[in-house]
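**Student:** What follows is the residue order along each chain.
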Amino acid sequence: MAENNTLGDSLRRHGVSRRGFLKFCTATASLMALPPSMVPAIAAALEKARRPSVIWLSFQECTGCTESLTRSHSPSVESLIFDHISLDYHHTLQAAAGEAAEAAREAAMHENKGNYILVVDGSIPLGNPGYSTIAGISNLQMLEETAKDAAAIVAVGTCAAFGGLPQANPNPTGAVSVSDIIKNKPIINVSGCPPIPTVITGVLAHFLTFGTIPELDQYNRPKVFYGQSIHDRCYRRPFYDKGLFAETFDDEGAKAGWCLYKLGCKGPMTYNACATTKWNQGTSWPVESGHGCLGCSEPRFWDAGGFYNALSVPISDNSQTVAFAAAAGLVLGAAAAGLNYKTKDEAQKAHANVTVDDLEKTS
Amino acid sequence: MNEPMDFLIWTRGTAFDIAVTIFVIGVILRLFEIISLGRKQNLAEPKGTEFGPGMRTIFTRSIPDPGTFRRQPLTVVTGYLFHIGLFVGLFLFVPHIELFRATFGFGWPGLPNPIVDAATVLAIIGLLAGLWHRLMNPVMRKISSGEDWLVWTLTFLPILTGYLAYHRMVNPYPLILGLHVLSVEALLIAFPFTKLMHTFTVFLSRWYNGAMSGRRGVES
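First to last, the sequence lines map onto chains C and A. Numbered as in my numbering, the first sequence ends at 363 without a single skipped number. Numbered as in my numbering, the second sequence ends at 220 without a single skipped number.
Simulated from the structure, these hints should not be mistaken for laboratory data. We put the beta carbon where it would ideally sit given N, CA and C, even for glycine. Hints may be right or wrong, so weigh each one.
Claimed, not checked - Some chain A residues judged to face chain C by a derived CB distance under 8 Å, without partners named:
id, residue
1, Glu-3
2, Thr-49
3, Glu-50
4, Arg-168
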């Protein structure tokens, strides 16, 4: 497990050339929007970095985040970086099981007290501890225990970062995010359902290089990856501006690659790096493959209206609201009209003709 | 409610339902009230017909008469600027059309965004000029009531926030989009109970004006 080999040693042993390593450092620098002058610094820091211990806890999740990570441009340098951190505990990926697995976690926590990185995917149920347990330990207890001596916490995926799908209305398990529970540790949210693999490794690379947390946005997401919206970086944006929209998924507009706003694309409200980093080794990304953005890196994306409704369409059934309100308005209006006709009728009946002579008599 | 996304979801859900319910009930109720009350019965002998002059006035009042234009050119020009700009921004912007389509089941073609954008700027200029006129002209200031200032603000805010949201000038986007939706909801709630009702009654009242003049045998 966590030997004292540096990352540089380890990479050389795996036959990664100096050139390949520097290329990775350059890519990392540009990914993190750092100036080229930082490349040697990154190389030097990574070269010397000891494999930090990483404990990965999975709570109420679907393993999609891990699936995403394991498909990260394999076998690229990014995945090697991940091989070369010391992943001391991870349900899905570790060989150990049962008590041995828990012992590995406790050993890693003990040996690297105050220095290990805690990665969490999945939300934590507060409703009933029995909703999700590992080795008989509730998610809440395990998180609090493991977070206590961590150097930093990376909440991977929208469930860990914001509550995600388990928290969707009506939130049967009382699911909450990591930051709802842990208040006294630096937390980096790497949201997405799942997050882009390069973004997960990029965050870890930043931490290895600088030993600090990257600059974060208001949701504690690294600004380098979540600083711009999908809409602003979308290659289909010119079609939005020109007013050219696909109306269905197989019309001429869709074939011509027009904007997917009307088909429910949530790109305007979504902050993520999909449009620039792309998926599957830069092959494509949802909008490029013809489907609108679901907004999966935003809090409560599951409750933010139908995936195939335009962003401007209300979340609740507006036509029903209008129909009910109109019916109520008609009933009330008819009643008001009835009262008015009655008043007018009475006035008409009470009407008497007055002549000039009558007026003279009374004055 | 401290998170912009919670705020946006609330404005697009619960708050929209409340505002639309008040708006629809209020408008229908007021229209019934106005139409059923009608005008006071005129017992004088009619000097002409009502229907023809009434219908004609609906259209003729859309063109300012030369006298009014000479006395108040600013009112006429900014009035047109604002109303046309608002119409284009409200009914010909594609995201707005999608809202109407989801509500009523039908839509219509929109305009390219730069044209809608320009129309919105015209509407903003029109409103600001109207405000300036209202503030600077002593007569206008004297006859302005609290409702006038309220209605101006309620009309201005949706256009301003919509412009800011479209140009993505406020971060994060869900916050400014939520403010845009919320300002529209404030407008919808106030709508039936203020002079904003003229949107629905304008042609009706023109007909009444024309009909009353027609009955008296004078030009309206």
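**Student:** None of the hints should be skipped; say for each whether it holds.
**Tutor:** Hints versus structure:
no.	hint	in the structure
1	Glu-3	holds (6 Å)
2	Thr-49	violated (23 Å)
3	Glu-50	violated (18 Å)
4	Arg-168	holds (7 Å)
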